[in-house]
Amino acid sequence: MSEEQQFSQLMALAQDGDGEAYAKLLSQLLPILRRIVGARIKDHGKLEDIVQNVLLSVHRNRHTYDPDLPFMAWLTTIAHRRTMDSLRTLYRQQKNEVLVDEYPETFPSGGANNAEEEALAFMASDALGAAIEKLPQGQKTAVKLLKLKELSLKEASAVSGMSITALKVATHRAMINLRRQMKQGTK
Amino acid sequence: MRKTEDLINILSQDLSPVERLASPGKRLLFWLAIALPISLILGSVVEQKTLGIDTTQLAVSRLGDMRMVIEIIAIFATAISAGFAALSSAQPGRSKQVWLLPIVPLLTWMALVGEGCWQLWLEIGADKFTLAPHWSCYPSVVATGAVPAIALVLMLRRTTLFNPTVTVGFATLGAAALGAVGLRLFHPPDATVMLMLWQLVATVSFFIISGIVASFLRPAEDSL
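Here the protein sequences come in this chain order: A and B. Yeah, the first sequence ends on 204 if you go by our numbering, and it's all consecutive. Yeah, the second sequence ends on 240 if you go by our numbering, and it's all consecutive.
Any given hint could be a false lead.
[Stated by the list, open to error] Selected chain B positions facing chain A (in silico; Cβ < 10 Å):
1) Leu23
2) Ser32
3) Pro33
4) Ser77
5) Arg78
6) Arg83
7) Ser111
8) Gln113
9) Arg173
Quick caveat, the hints were computed from the structure, so don't treat them as lab data. Ideal Cβ placement from N, Cα and C applies to all residues, glycine included.
Turn these sequences into a full structure, and let the hints guide you.
Structure below.
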């Protein structure tokens, strides 16, 4: 039996739900697909990505294979088309990407260019906790129940004795106050 | 990125059986069996309602005219060959030679349309000959063309289109031609060129609309 007939037979079994035959078929197809895709893609990482795309496409379209037809014609149509689609996507992405070795400075202030460290320092100082403590009692309660404990409005209303409307208003005002305090803190 | 060998294991685990796609010939017969009767019935009903004519009598008289019979055969052959080419092109690995099938019937149809226009030109003169759209024809075009187009789109949605331009082109031609069979039988005005243009516009519209609708009916392409 030729290799192509063997592939055809394995695919027919796979169409009937034979997972073992399918795994065997895909494993045998892998070097063939790498060769087909590799004719157009030289980058090994991208090649494996595209080979995986082709395998997914083979999987999704396995119902379209007719066991009376040559298997390789079916496979190469899918492989070529998927390779071309992947190349198109790749070129589109590359057109919109700029590769840089070092991120450029955006502001003259050193801190502005080191957002991550600044965020860590901010968390360590618990500036937010201190700002919440400075809020009026009603706003403090609303923020603690709704934002920190993540209670629903109904639950927060039952716990605090405040109405749902009052909780909403208090939260809204608390957010404005907190934003103002945090801005002052970072100046 | 997961390893390709892992992907193969994932794909082959708990593999469910699939229903094989029927051959293009069988699918073509299914399409004709559904779309042609509905297209003819709707075309006849709409002509009766909008123009108040006896469509049966009109169809019988047209089938008595040999030139008209040849034209209808050419249109029907275009529908069959283009529909077959569309369904074949949507199945990976099928021969591309079938893509040539619609050429002869389409050229015959176009030649007869051209000859009809030439005769009309000679009969009524250049002053009265116009390519302006006739809005009254639009319901007939919709009635005969909608079902062939929508049915074909739904059938094509069972596969991934590996030659989308070719498939959509043949499908548009096939659906437009099948709709034209009803138009040539039941539509009284003999403005063939305008009707054909309208029909192509309408068929493309049906394809776009049914494509949008079908995308909601089918799971996402990336889902396994």
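Q | When the least beta-carbon distance from Arg173/B to chain A is tested against 10 Å, hint result | A | At 12 Å from the nearest chain A Cβ, Arg173/B fails the 10 Å test, so the hint is violated.
Q. Does Pro33/B meet its interface restraint, that is, does its C-beta lie within less than 10 Å of any C-beta in chain A?
A. Holds, about 4 Å.
Q: For the hint on Ser111/B, just tell me whether its beta-carbon gets within less than 10 Å of chain A.
A: With a minimum Cβ separation of about 9 Å from chain A (threshold 10 Å), the hint on Ser111/B holds.
Q) Does the nearest C-beta of chain A fall within a distance shorter than 10 Å of the C-beta of Ser32/B? A) OK, holds: Ser32/B within 10 Å of chain A, min 6 Å.
(Q) A closest beta-carbon separation below 10 Å is what the hint needs, so does Ser77/B meet it against chain A? (A) 45 Å, violated
Q) Holds or violated: is there a CB of chain A closer than 10 Å to the CB of Arg83/B? A) 41 Å, violated
**Q.** Agreement of hint Arg78/B with chain A interface, Cβ distance less than 10 Å
**A.** 40 Å, violated
Q) Given Leu23/B as an interface hint, is the shortest Cβ-Cβ distance to chain A below 10 Å? A) 5 Å, holds
(Q) Please check whether Gln113/B passes as an interface residue: C-beta within 10 Å of a C-beta belonging to chain A. (A) Because about 13 Å separates Gln113/B from the closest Cβ in chain A, which is outside the 10 Å limit, the hint is violated.
The structure fails hints 4, 5, 6, 8, 9 (numbered hints given earlier, in ascending order).
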